[in-house]
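> Build out the structure end to end from the sequences listed, making use of the hints.
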Amino acid sequence: MSETIAPAPAKTRTRERAALAGLVTTVVLVVAAIAVPALTGWDVRAGSFPPLHSILVLRIGPGTPAAMLLAVLAVVYAPRAMHWSWRRLLAVVYAYGVAWMLSLATVYGLDGVGAILDRTSEYLGTARQVTDLGQTLRIYIEHIPLDSADNWPVHIAGHPPGALLFFVALVALGLGSALAAGAVITVIAGSTAVAVMATARRLGAETYARRAAPFLTVGPAAIWMSVSADAMFAAVAAWATLLLAVAATSRRFVAQALVGLVAGLLYGYCVMLSYGLPLLGVLAVTVLLLARAWRPLPFAIAGAVLVIGAFALAGFAWWEALPVLQQRYWDGIASDRPGAYWTWANLAAVAISAGPWVGAGLGVALVDWAAHGTDDDARARRRIALLATAGLGMCIAATLSQMSRAEVERIWLPFVPWMLLATALLPERWRRTGLIVQASFAIVVQTLFYTRW
117 MSETIAPAPA KTRTRERAAL AGLVTTVVLV VAAIAVPALT GWDVRAGSFP
167 PLHSILVLRI GPGTPAAMLL AVLAVVYAPR AMHWSWRRLL AVVYAYGVAW
217 MLSLATVYGL DGVGAILDRT SEYLGTARQV TDLGQTLRIY IEHIPLDSAD
267 NWPVHIAGHP PGALLFFVAL VALGLGSALA AGAVITVIAG STAVAVMATA
317 RRLGAETYAR RAAPFLTVGP AAIWMSVSAD AMFAAVAAWA TLLLAVAATS
367 RRFVAQALVG LVAGLLYGYC VMLSYGLPLL GVLAVTVLLL ARAWRPLPFA
417 IAGAVLVIGA FALAGFAWWE ALPVLQQRYW DGIASDRPGA YWTWANLAAV
467 AISAGPWVGA GLGVALVDWA AHGTDDDARA RRRIALLATA GLGMCIAATL
517 SQMSRAEVER IWLPFVPWML LATALLPERW RRTGLIVQAS FAIVVQTLFY
567 TRW
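For any residue, its number in the numbering used here is found by taking its place in the sequence shown, counting from 1, and adding 116.
It should be emphasised that the hints constitute simulated quantities derived from the structure, not laboratory data.
Just to be clear, a hint being listed does not mean it is correct.
Said to hold, decoys possible - Quick list of the computed label-pair ranges, beta carbon to beta carbon:
(1) Ala426 to Ala207: 56 to 64 Å
(2) Gln442 to Asp266: 15 to 23 Å
(3) Pro454 to Asp234: 27 to 35 Å
(4) Ala231 to Asp452: 21 to 29 Å
Treat the numbers as computed from the prediction; the structure is a model and nothing was measured.
All C-beta atoms in this analysis are idealised placements derived from N, C-alpha and C, irrespective of residue type, glycine included.
Structural data, given as structure tokens:
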């Protein structure tokens with residue numbers, strides 16, 4: 117009988133071609149997003165260097181040498197780290213990730229860790245003024261419109277109150293300074309990679325979780341993770357997804373129910389953190405499909421409904437706030453940001469945040485998704501491919517919604533690590549080169565641009 121499965125060299129060549137196609141597509145997209153406004157004079161309302169919400173400013177600071185050292189360490193030690201024990205690997209991924217974020221942030225000194233959180237458009241200033249939480253929730257919606265008296269600052273108006281409550285809690289705990297809040301966000305954000313890796317392992321793809329580890333920690337996304345509440349959103353989303361994977365792969369009904377319920381509680385809190393995070397439903401359904409288990413679903417839904425319902429009973433009904441928020445959005449700068457540019461340039465912005473090698477990985481993910489192999493490795497690759505394409509799908513859905521014109525290098529942080537899982541599917545030499553590119557790219561971006569987040 118003739119062999120119907122392509123030999124390993126042929127598979128490698130196919131994946132290398134797919135990786136190259138994905139990388140070229142990503143680079144062309146980013147170059148076009150930079151060149152079109154620059155060459156045409158098109159004002160797309162996003163600072164001086166779209167598609168990033170940024171200003172071109174050369175900066176070398178105290179964190180620069182540390183970032184360069186950490187980049188070298190990652191390139192040298194990543195190959196052997198993949199063979200460490202699972203717990204040791206997770207511990208190093210977490211510690212290294214936090215160190216990498218802090219090194220990039222402190223290119224601007226300690227101000228780089230949290231000073232942006234002190235801006236009037238951010239949450240922290242308002243959080244310090246909250247004295248009656250119940251009253252805040254009851255009046256929350258009426259202060260969203262731009263023409264309302266004492267309307268909320270941009271970020272509070274643009275998000276459900278879960279984000280504000282997080283900062284209110286920090287203030288209550290004595291962590292209300294910008295530096296302390298930034299440090300807390302960084303510590304939380306460092307756990308995102310751990311949760312994403314653990315999810316992949318729980319779904320039967322430990323080898324690929326290990327291969328993805330360097331790319332989940334070393335890359336330009338860290339630039340926004342020390343200074344943005346969205347990094348905290350990403351961590352909550354990742355842990356919710358891990359818990360759903362645990363519930364879906366558990367054999368005991370009690371575990372399926374209880375862990376599924378807790379996953380739902382976290383997903384529900386995600387809905388209360390950002391109007392865009394109901395898109396996590398794409399990821400949640402993908403996890404259940406991969407696990408071939410639907411028993412946790414009603415419990416997860418129940419958990420989410422409990423959170424959303426609790427906020428509604430306290431005075432904030434998400435479904436009533438959404439149309440008010442949409443009107444505020446179009447009354448603001450969004451109406452001046454051309455959809456003809458941002459609908460596709462958003463994808464360039466998130467590619468800069470994730471790093472160019474995300475395109476190479478996604479190219480291979482599309483190939484592995486369509487592959488028909490039935491051995492264990494083929495199934496593991498397909499699981500990773502589906503998780504990664506779910507991440508891409510959430511980005512595409514978000515940009516098509518027209519509710520995310522610009523700033524998505526920050527806003528879409530919850531989707532980025534799932535796309536980066538695709539880098540694990542790359543051939544070995546592509547991974548070696550990619551890690552160098554990702555680390556170097558992050559340092560260059562932080563050195564040349566003040567990202568304003």
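> Each hint: holds or not?
We went through each hint and held it up to the structure:
1. Ala426 to Ala207: 56 to 64 Å: violated, 35 Å
2. Gln442 to Asp266: 15 to 23 Å: holds, 21 Å
3. Pro454 to Asp234: 27 to 35 Å: Cβ of Pro454 to Cβ of Asp234: about 31 Å, so the range 27 to 35 Å holds.
4. Ala231 to Asp452: 21 to 29 Å: Holds, at about 27 Å.
In this structure, the one hint that does not hold is number 1.
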